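Spelled out, the chains give:
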Amino acid sequence: MTRKKTLFLAAAATSAALLAGCAALESKPDYDALVTQMMTGSFRDEGIAKVDRLQQDASNAACSKAQGDSPPEDVVDAIQQAALKSVRMPSDGKFIGDWREGEKLAQNGRGMTWTDKSAAPAANGGNCYNCHQITKAEISYGTIGPSLYQYGKNRGVTDAESPAAKPIIEYTWTKMWNAKAYNACSGMPRFGHAGLLDEKQLKDLMALILDPKSPVNQ
Amino acid sequence: MRSTRTALSASYLLAACAATAPAMAQQKSAADGIAEYRAMLADGNPAELFEAKGEDLWKTKRGPKNASLERCDLGKGPGVVKGAFVELPRYFGDTGRVQDLESRLLTCMERLQGFDPLSIAKTPFGQGEQLTMEGLTAWISAESRGLKFNLPQAHADERKTYELGKRAFFYRGGPYDFSCASCHGQPDKRIRLQDLPELTKNPGNGIGFAAWPAYRVSSGEMWSMQRRLNDCFRQQRFPYPGYASDVTIALGVYMGVNAKDAESVAPALKR
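Taken in sequence, the protein lines are chains A and B. Numbers 0 to 217, taken from the working numbering, label the letters of the first sequence in order. Numbers 533 to 803, taken from the working numbering, label the letters of the second sequence in order.
Be careful, since some hints might not be right.
Unchecked claim - Interface residues of chain A toward chain B, partial, derived using beta-carbon atoms under 7 Å: (1) Phe42; (2) Val50; (3) Ser139.
Treat the hints as calculated values from the structure; they're not laboratory data. The model shown is predicted, which means the values in this text are computed figures rather than measured ones. For glycine and all other residues, C-beta sits at the position ideal for the given N, C-alpha and C.
All chains should be built: construct the whole structure from the sequences, respecting the hints.
Here's what the structure looks like:
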């Protein structure tokens, strides 16, 4: 084989490899970039719902990418650690408010859509019955989340202020403040962390499911 | 006066009976009640009125070019309406895009009739030329009633759009961290008493993608798939999706391909 021919063959092989490379590039689109392009190009501001709502934090990015499965273990750990750190316990050390107010909030499914006027906690409901069974009397409840009927009773809470109840009280507050603390891809909104509900509202919801006097625990 | 009192005591009696009935029976009767209500209404679906209007709009000369839509190509050739709906969204060579029914109708209304598609896309639902879309989508979907969804995936852009739709479906964001999958990613779930179709697979004949457009009794309105998706995003606490925007078309491909072999009942009747 002459040297010229070898060179030619080598060049041909290189260009074939290049072409194959290009074909591979073409057949596998850069979906991350395309998704960003699609999302930013498809939405606009409307009322209180601005396009910055499309920006994802680490948790939402990882859980979206997992498409219903769990993200890798180290990612899950990092999300949960960060979420746990984000939780603010009540400033006055009291966790239990008024279960009657809690029931009203639990019934209220309003808040944060582009037809809502204000994004302030006072304008928001808890949306609880959309996904959870809570009192026995309310039969119109959703099933995306677990039943919370007898939540406190089932966990042996006879006095919500007692030291014995402290672990479950703090766990529940944490869950409501930032559900990602215990489940990286939890479907539940981060009511405290995202500023959806204020401390008083969260205390009233705590009372609904933890106060032994609440109908939930009868 | 007497009749009022009688009616009142009757309603007290009913309330007392309902209160003493066991909770399980109450729940059953609530769900059964809704089913009965739907069955009763299904006898005379007001969507038929929109279908008739849509057929008329298709055949009427309108717009700056004073032309009908009878040469509009919905994917099966110019003027072919029967069977087109259950193969949309699909890729169209003349626009070089994957289009759903409504974005395709915008193309036809622009090219054949001379309408401005951007101005129609900006028109609020239930007004102006959006009323035309309500009628057209009702009639065109009705022409495929009873047929099975079979979206083409032969073109690379159709497959790419499916993949983008899948990613849009699982895209979490907004103040509640919701995605489409938050409500429609699992079997047998509900919001309050409303059953939720699982849209990551074929949810069954006439359920989910195979049930829109639909006439909504509660609001007395005809909702196209675009309007249905718009309200999903509202409840997802997302910003406002553009009419016929890329994300809505991608979701249409994802749900439509997943619904393969589901029988279309559109235009359906909803509570």
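Each hint, compared with the structure:
no. : hint   : result
1   : Phe42  : holds, 4 Å
2   : Val50  : holds, 5 Å
3   : Ser139 : holds, 5 Å
Checked against the numbered hints above, the structure violates none of them.
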